[in-house]
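Fit the two chains together into the complex; they arrive one by one in their own frames, and the hints show the way.
Each chain is listed here by its residues.
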Amino acid sequence: MEQFDVIVIGGGPGGYVAAIRASQLGFKTAVIEKESLGGTCLNWGCVPTKSLLRNAEVIHLLSEGRSFGFSFENLSVDYGAAHKRSRQVVSRQTKRIGFLMKNNNIAVYEGAARFEGPKKITIDPSGEKLQAENIIIATGAKSRQIPGVDFDGEKIITFRKALELTEVPSSAVIVGAGPIGMEFATVWNRYGSRVTVVELLPHALPLEDEDICIEAEKQFKRAKINVKTGAMVEAITKTADGVEVAVTAGDKHETISAEKVLVAIGFVANSEDLGLENIGVTTTRGNIDIDDRMKTSVDHIYAIGDATGKLGLAHVASAQGLIAAEAIAGNETPILDYVNIPRCTYAFPEVASVGLTEKQAEDQGFEVITAQSPFVANGKALAMNENFGFVKIVSEAETQKILGVHMVGAHVTELIAGPTGMVTLESNAEDLARTIHPHPTLSEVVMEAAFTLTGKTLHG
Amino acid sequence: MKELSELIFLEDVRYSKEHEWVLVEGDTIKVGISDYAQDQLGDVVFVELPQAGDSFEAGEVFGTVESVKTLSELYMPMGGEIIAVNEALEESPEFINDKPYEDGWMITVKPDDMADYDSLLSHEDYKRFLEESQE
Numbered sequence: 000m001e002q003f004d005v006i007v008i009g010g011g012p013g014g015y016v017a018a019i020r021a022s023q024l025g026f027k028t029a030v031i032e033k034e035s036l037g038g039t040c041l042n043w044g045c046v047p048t049k050s051l052l053r054n055a056e057v058i059h060l061l062s063e064g065r066s067f068g069f070s071f072e073n074l075s076v077d078y079g080a081a082h083k084r085s086r087q088v089v090s091r092q093t094k095r096i097g098f099l100m101k102n103n104n105i106a107v108y109e110g111a112a113r114f115e116g117p118k119k120i121t122i123d124p125s126g127e128k129l130q131a132e133n134i135i136i137a138t139g140a141k142s143r144q145i146p147g148v149d150f151d152g153e154k155i156i157t158f159r160k161a162l163e164l165t166e167v168p169s170s171a172v173i174v175g176a177g178p179i180g181m182e183f184a185t186v187w188n189r190y191g192s193r194v195t196v197v198e199l200l201p202h203a204l205p206l207e208d209e210d211i212c213i214e215a216e217k218q219f220k221r222a223k224i225n226v227k228t229g230a231m232v233e234a235i236t237k238t239a240d241g242v243e244v245a246v247t248a249g250d251k252h253e254t255i256s257a258e259k260v261l262v263a264i265g266f267v268a269n270s271e272d273l274g275l276e277n278i279g280v281t282t283t284r285g286n287i288d289i290d291d292r293m294k295t296s297v298d299h300i301y302a303i304g305d306a307t308g309k310l311g312l313a314h315v316a317s318a319q320g321l322i323a324a325e326a327i328a329g330n331e332t333p334i335l336d337y338v339n340i341p342r343c344t345y346a347f348p349e350v351a352s353v354g355l356t357e358k359q360a361e362d363q364g365f366e367v368i369t370a371q372s373p374f375v376a377n378g379k380a381l382a383m384n385e386n387f388g389f390v391k392i393v394s395e396a397e398t399q400k401i402l403g404v405h406m407v408g409a410h411v412t413e414l415i416a417g418p419t420g421m422v423t424l425e426s427n428a429e430d431l432a433r434t435i436h437p438h439p440t441l442s443e444v445v446m447e448a449a450f451t452l453t454g455k456t457l458h459g
Numbered sequence: 000m001k002e003l004s005e006l007i008f009l010e011d012v013r014y015s016k017e018h019e020w021v022l023v024e025g026d027t028i029k030v031g032i033s034d035y036a037q038d039q040l041g042d043v044v045f046v047e048l049p050q051a052g053d054s055f056e057a058g059e060v061f062g063t064v065e066s067v068k069t070l071s072e073l074y075m076p077m078g079g080e081i082i083a084v085n086e087a088l089e090e091s092p093e094f095i096n097d098k099p100y101e102d103g104w105m106i107t108v109k110p111d112d113m114a115d116y117d118s119l120l121s122h123e124d125y126k127r128f129l130e131e132s133q134e
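If you're matching them up, the sequences are chains A and B in order.
According to numbering that gives the first Met the number 0, the first sequence holds residues 0 to 459 in order.
According to numbering that gives the first Met the number 0, the second sequence holds residues 0 to 134 in order.
The shape of chain B in the complex, shown without the other chains (with noise of 0.2 Å):
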């Protein structure tokens, strides 16, 4: 596994504490999980997401993500509905541990509140809570 110092933030996303980023594109939001996160899981194996249309309040399970390892449980960083799901992952899982912030990608959604982001932890926030949470 990655230290902390060989780690990926990805600087013009938000991060929960459950390792979600959130990319905001107009009036809708993406989301992923972290580098930190595919790299704690190891390689992916399978993806289970929801569909279109289906929405969900912030802090609740999305989906889930199978590893060789584990299998872990996905929280949408912000309330919402899903706009669209990443299909590609069905054959490609391994993009999550690939590229976690580009061809990684998991959900659309249209936030109930665009200003829940601000709450969400900034790349040195992030990183910040990373640290403290491995003293």
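So here's chain A without its partners, still in its complex pose (with noise of 0.2 Å):
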């Protein structure tokens, strides 16, 4: 039976990344991948959504074009090219990290793990047996589903099918409108489905920002995507020709006939099928629990990403992977603190947000003051043809330490990194105010914002 210092299981960007670090702190690395190396995220998520956002950026672009100068007769638009270059893309990247793996000196075994024992365990199919010293558990998470309504992979279907799909619906249904949701929307909406989406809680977006959810809905709207908030789906029927979904919103009660109805409410830890009950790792709601070092209740037994449900983006499952390798080594490890991890959407309007929203903060006793500088005066987004939108700070009163940074805007999912450096480093608006923004860029409007915060508006 092979041995290992460190076995991963899942390869995923939590499981990869944990193993690089643990091949580069010394350890003999193996990692066990079901399917496709790069995980969710790399296959099925973040890298291959964004590759058909961007065809849907270059279409919206294109159809407002006549102010640009630009005219067409009729301008095709192939949805199966854009599939077929977000597969490509894909590939590229998990080739990428099949060489990292195999540059690193770290074995990839395929097939699902199972604990035979707590340093014992068995790969299916295959039967093969590996033992391990240290284990870490990166398996991810699944689509949640909606009681009673089960994933027909056809008509009624995820986030996964939806990326399989070499045509866009003529109508959908989405059930969500949470990020992943709100993207897919985009998508389909831009490539001429009529989509309609359907959120519970009062907002689109809604663990954003309040203030950021009404500018998103307000854009939503103009770009013909029917976002029905505060609306519960009751029923889902299925037709010859698609699906009937029965929705509630308050005492009105309303029935949408679609072609597809894409579920997007959430994820669930996939930890079952482990074996973790007979050794002992403990689980919350199906959540692995782990401490700071991500140590599951088992000693040698670590567990990162999605299957811990801290917070399910891929940097925080990186982030943490490199945590869990370090914590083997005995090394010291920094304490993650998962409010101040940036947040990004990445439909028709980006978001992107770090820290506590104004009502998290009041919440949480701070004394709060605020500060929004909008994209429509400056000159870059003006020139980009692309200013609605704004930033917007939250401030502790007193010290105006910046407790949260929040946008929605053009582009702005590559402007969060900046702040989170300074929430990170726990500066205050006048830090921020301080720090020179290159002109002319989207980014000055984040020193705008802290100019407001301190009572000295620029260009405002």
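Treat the hints with caution; some may be incorrect.
[As the list claims (entries may be wrong)] Straight-line Cα separation of at most 30 Å, BS3-like style, residue types lysine-lysine; simulated pairs:
1. Lys33(A) / Lys128(A)
2. Lys237(A) / Lys223(A)
3. Lys94(A) / Lys83(A)
4. Lys68(B) / Lys98(B)
5. Lys83(A) / Lys68(B)
6. Lys109(B) / Lys94(A)
7. Lys1(B) / Lys94(A)
8. Lys83(A) / Lys29(B)
9. Lys251(A) / Lys237(A)
10. Lys33(A) / Lys68(B)
11. Lys49(A) / Lys101(A)
12. Lys49(A) / Lys83(A)
13. Lys154(A) / Lys27(A)
14. Lys68(B) / Lys27(A)
15. Lys49(A) / Lys251(A)
16. Lys27(A) / Lys251(A)
17. Lys94(A) / Lys68(B)
18. Lys83(A) / Lys1(B)
19. Lys27(A) / Lys1(B)
20. Lys1(B) / Lys101(A)
21. Lys294(A) / Lys33(A)
22. Lys109(B) / Lys101(A)
23. Lys68(B) / Lys49(A)
24. Lys455(A) / Lys358(A)
25. Lys109(B) / Lys29(B)
26. Lys94(A) / Lys98(B)
27. Lys68(B) / Lys101(A)
28. Lys118(A) / Lys128(A)
29. Lys154(A) / Lys33(A)
30. Lys220(A) / Lys251(A)
31. Lys101(A) / Lys217(A)
Everything labelled a hint here was simulated from the structure, so no lab data went into it.
All of these numbers come straight from a predicted model, not from anything done at the bench.
Right under this line is the structure:
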């Protein structure tokens, strides 16, 4: 039986990063992956969706073409080609990760892992058995189901199937107006689909600051994406050529007919089928319990990523993976502050945020002041013809310490890393106002918001 | 990475200083990159190649090759029209690393002037060129 210092179960952004660090620290390392290296993120999530969204962005630019001087007789768009390019992007990256594993001397096993004992793993279906001193569980998560509604992979689908489609549905109901739901809504809408999004909570992108939600909803409406908030799906019935979705909003009932339903209401940890109960690894509502060093209830077993349910983002999984590997080596590890990790939505409009929303800050007892600066006055945004949206800073009144930065507008996902640095360093608005931002950039609006917060608004 | 002495220098082709090789096949030529080039690049992840019918001058960029380490441009060793492109490289870019002179071929070209072949480097001259650039 092969022996390893570290076995990582799952080769996604958590697993493969943990494995590389473990190998760098001198551990004999193996990764067990049951599908494709890169995991959900690379193969069926983050990466292919960004490729499709780029296509959607180009369609948007071309259709606004008149003021730019472009005109078309009949602009033809081929979603099949967009899909093909997205799969090509994925394949380039999975190959790259394969080489990373090889060049770091990490053994890769294909199959699903199961604990036979606390240090013994069996791989299905090959039946191969491995032994490890330390194990890192990085098994990710799967789509949450609407109770009573089965995914049939055809009319009722999840994000995974949505990324396999070579044609956009003529009409669709998307259940869940979170980042995933709104990203698919954006792509399908640009390719001509009639999209209705149904969201239980009072706002689209419900976890964002309320001011951001309101602006985003305005833009969704302009793009003719129908978003129903405060609405619940009562039943989904399959018909000959599609589905009928019964929706209740307050005391209003309606039935929406569409070709397909995409269910995007969140994720559930992949913690069953591992045999965790047999070895004493505890879970809470399916999420594997971990401490600040990613250690589970069993000393030599660690867990990272979506399987822990802390914050289901790829960069979180990677950060956790690095900590787990360093912890195994007995090194000092930083404590992850899950609040000050940036969250991005790549729909149209883009949304990005880090830290606390205004309401969260108030609920936590802070005396809160906020300031906003719009993109409308920004030269770069005007030049790009995309000057909607704004940056909002949430700050503690007395010290003006930055508690949260929230943005909605063009390319804001690329702007959030700067403010993330500031909240990590516990900076205040004055620090941000003193940080010279280049002109002309969209990022200047972040600095302008800081000016406004310190009472010295410049361009507004 | 391989030592110069470990590299393969095919003898019946000529080389450009940009590390492409050229094999004459009747009135067309076949082009790829040398063993030295693939070794320097590392594992190839993706190749972007032109379409049949495209025309390029000598020295013009006709495509790019993406490896784990870097993105490199591919230069026409001789000017001409693209006749065929190795479609297999889309699925199997690793052919460039494993068999740079065989399955890793990239394009076939109808050259503007076959006489340009003679101004390319013989395998000995190419080897010497590499030795000199390493000093």
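Verification of the hints:
no., hint, result
1, Lys33(A) / Lys128(A), "15 Å, holds"
2, Lys237(A) / Lys223(A), "25 Å, holds"
3, Lys94(A) / Lys83(A), "17 Å, holds"
4, Lys68(B) / Lys98(B), "19 Å, holds"
5, Lys83(A) / Lys68(B), "25 Å, holds"
6, Lys109(B) / Lys94(A), "33 Å, violated"
7, Lys1(B) / Lys94(A), "22 Å, holds"
8, Lys83(A) / Lys29(B), "28 Å, holds"
9, Lys251(A) / Lys237(A), "22 Å, holds"
10, Lys33(A) / Lys68(B), "27 Å, holds"
11, Lys49(A) / Lys101(A), "27 Å, holds"
12, Lys49(A) / Lys83(A), "13 Å, holds"
13, Lys154(A) / Lys27(A), "45 Å, violated"
14, Lys68(B) / Lys27(A), "24 Å, holds"
15, Lys49(A) / Lys251(A), "36 Å, violated"
16, Lys27(A) / Lys251(A), "60 Å, violated"
17, Lys94(A) / Lys68(B), "13 Å, holds"
18, Lys83(A) / Lys1(B), "36 Å, violated"
19, Lys27(A) / Lys1(B), "26 Å, holds"
20, Lys1(B) / Lys101(A), "17 Å, holds"
21, Lys294(A) / Lys33(A), "23 Å, holds"
22, Lys109(B) / Lys101(A), "40 Å, violated"
23, Lys68(B) / Lys49(A), "23 Å, holds"
24, Lys455(A) / Lys358(A), "25 Å, holds"
25, Lys109(B) / Lys29(B), "9 Å, holds"
26, Lys94(A) / Lys98(B), "18 Å, holds"
27, Lys68(B) / Lys101(A), "14 Å, holds"
28, Lys118(A) / Lys128(A), "11 Å, holds"
29, Lys154(A) / Lys33(A), "26 Å, holds"
30, Lys220(A) / Lys251(A), "20 Å, holds"
31, Lys101(A) / Lys217(A), "48 Å, violated"
Going down the numbered hints, you'll see the structure goes against 6, 13, 15, 16, 18, 22, 31, while the others check out.
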